[in-house]
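Asker: We have chain A already, so just place chain B on it with the hints.
2 protein chains.
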Amino acid sequence: MYTINAQEAPTTTVDTEGAESTKIQWLLTSADGAPNFALRRFIVGPGGHTPRHSHDWEHEVYILRGEGVVVTDQGEVAVATDQAILVAPDESHQFRCTGPDSLEMLCIVPNGPATAGH
Amino acid sequence: MYTINAQEAPTTTVDTEGAESTKIQWLLTSADGAPNFALRRFIVGPGGHTPRHSHDWEHEVYILRGEGVVVTDQGEVAVATDQAILVAPDESHQFRCTGPDSLEMLCIVPNGPATAGH
Numbered sequence: 001m002y003t004i005n006a007q008e009a010p011t012t013t014v015d016t017e018g019a020e021s022t023k024i025q026w027l028l029t030s031a032d033g034a035p036n037f038a039l040r041r042f043i044v045g046p047g048g049h050t051p052r053h054s055h056d057w058e059h060e061v062y063i064l065r066g067e068g069v070v071v072t073d074q075g076e077v078a079v080a081t082d083q084a085i086l087v088a089p090d091e092s093h094q095f096r097c098t099g100p101d102s103l104e105m106l107c108i109v110p111n112g113p114a115t116a117g118h
Numbered sequence: 001m002y003t004i005n006a007q008e009a010p011t012t013t014v015d016t017e018g019a020e021s022t023k024i025q026w027l028l029t030s031a032d033g034a035p036n037f038a039l040r041r042f043i044v045g046p047g048g049h050t051p052r053h054s055h056d057w058e059h060e061v062y063i064l065r066g067e068g069v070v071v072t073d074q075g076e077v078a079v080a081t082d083q084a085i086l087v088a089p090d091e092s093h094q095f096r097c098t099g100p101d102s103l104e105m106l107c108i109v110p111n112g113p114a115t116a117g118h
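Those sequence lines, one after another, are chains A and B. With the first letter of the first sequence counted as 1, position 92 gets the number 92 in our numbering; the numbers rise by one all the way through. With the first letter of the second sequence counted as 1, position 77 gets the number 77 in our numbering; the numbers rise by one all the way through.
Just chain A, same shape as in the assembly:
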């Protein structure tokens, strides 16, 4: 068993083009022994957002705290605490923090290109 508390985990700024006020924590990865998928936590500050992009792997997201919207080609969907979201492969998406506090969310991705370097 491997365990880490996100409140104490290393945090890095997402410097991908199009990201704003977004930090990431790689909590469980293949380096920790995860065979198939990686668990990350994102912290998006007020007014911040992840890149608007698409890729050929899915996201499974769970909103821990805060308020936001998911932007897709079909429009915007409001999300809040305890919302689970499946972003399908190749679906354009962006997460935006719309509340006064940070939007905190988990995002699970399959091992492979999505987890390169981790």
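Do not take every clue at face value.
[Unchecked claim] Partner residues are not named here, just some residues of chain B that face chain A (Cβ under 8 Å, in silico): (1) Gln7; (2) Leu28; (3) Asp32; (4) Ala34; (5) Glu60; (6) Val69; (7) Thr72; (8) Asp82; (9) Ile85; (10) Leu106; (11) Ile108.
[What the hints assert, rightly or not] A short list of chain A residues far from chain B (calculated; beta carbon distances all over 10 Å): (12) Met1; (13) Glu20; (14) Gly45; (15) Arg52; (16) His53; (17) His55; (18) Gly99; (19) Ser102; (20) Ala116; (21) Gly117.
In short, the hints are calculated from the structure, not lab data. Quick reminder that beta carbons are idealized off the backbone N, C-alpha and C, glycines included.
Answerer: For chain B alone, kept in the frame of chain A given last:
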């Protein structure tokens, strides 16, 4: 994109032998289009626990709320809010709620035997 709020999601009692006061919500599954892994939420009531067992797939767990312990062959580890836990394949494990409120946690498993029927 598919989305569901766990506060409104269907909830069923875990009737596996060895489980006590444990409910499950299947939030994101292959039936919703998830290609590789399923996101479930467990709600373990005070004094309750999941079965003590092992299987050949991993768990990636994230504690949302509450206090508990994970029991393994190496002993007990206390866990609380924002704890991420990797239970390796074939590792014996049990989650026990030790606090006055329910232990709420996400548990992600690979599609396959772990998700049969979902």
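Asker: For each hint, tell me whether it holds in the structure or not.
Answerer: Hints and how they fare:
The beta carbon of B:Gln7 comes within 5 Å of a beta carbon in chain A, closer than 8 Å, and the hint placing it at the interface holds. This hint holds: B:Leu28 has a C-beta 5 Å from the nearest C-beta of chain A, less than the 8 Å allowed. For B:Asp32, the shortest C-beta to C-beta distance to chain A is roughly 6 Å, which falls under 8 Å, so the interface hint holds. Annotation: interface hint on B:Ala34 holds; nearest CB of chain A at approximately 6 Å, less than 8 Å.
Contact between B:Glu60 and chain A, as hinted, is supported at the beta carbon level, the nearest pair being about 5 Å apart and thus within 8 Å. Taken as an interface hint, B:Val69 does not check out: its beta carbon lies about 11 Å from the nearest beta carbon of chain A, beyond 8 Å. A cut of 8 Å between beta carbons decides the hint on B:Thr72: the least distance to chain A is about 5 Å, and the hint holds. Hint status for B:Asp82 relative to chain A: holds, with the closest Cβ pair at about 4 Å, below 8 Å.
The interface hint given for B:Ile85 is met, as the beta carbon of that residue sits about 5 Å from the closest beta carbon of chain A, less than 8 Å. Evaluation of the B:Leu106 hint against chain A yields a held restraint, the C-beta minimum of about 6 Å falling below 8 Å. The interface hint given for B:Ile108 is met, as the beta carbon of that residue sits about 6 Å from the closest beta carbon of chain A, less than 8 Å. Taking the minimum C-beta to C-beta distance to chain B, about 5 Å, the non-interface status of A:Met1 is violated against the 10 Å cut.
Residue placement check: A:Glu20 keeps its beta carbon more than 10 Å from all beta carbons of chain B (closest about 21 Å). Here A:Gly45 stays apart from chain B, with its beta-carbon at least about 18 Å from theirs, past the 10 Å limit. Even its closest Cβ contact with chain B, about 14 Å, leaves A:Arg52 beyond 10 Å, as expected for a residue assigned away from the interface. With a cut of 10 Å on Cβ distances, A:His53 stays outside the contact zone with chain B, its closest approach being about 14 Å.
Against the 10 Å criterion, A:His55 stays outside the reach of chain B, whose nearest CB is about 13 Å from its own CB. Listed as a non-interface residue, A:Gly99 keeps its Cβ farther than 10 Å from every Cβ of chain B; the least gap is roughly 16 Å. For A:Ser102, the shortest C-beta to C-beta distance to chain B comes to about 13 Å, beyond the 10 Å cut-off, and the non-interface label holds. Distance to chain B confirms A:Ala116 as a non-interface residue, since its nearest Cβ pair spans about 17 Å, more than 10 Å.
Every beta carbon of chain B lies more than 10 Å from that of A:Gly117, the smallest distance being close to 19 Å; the non-interface claim holds.
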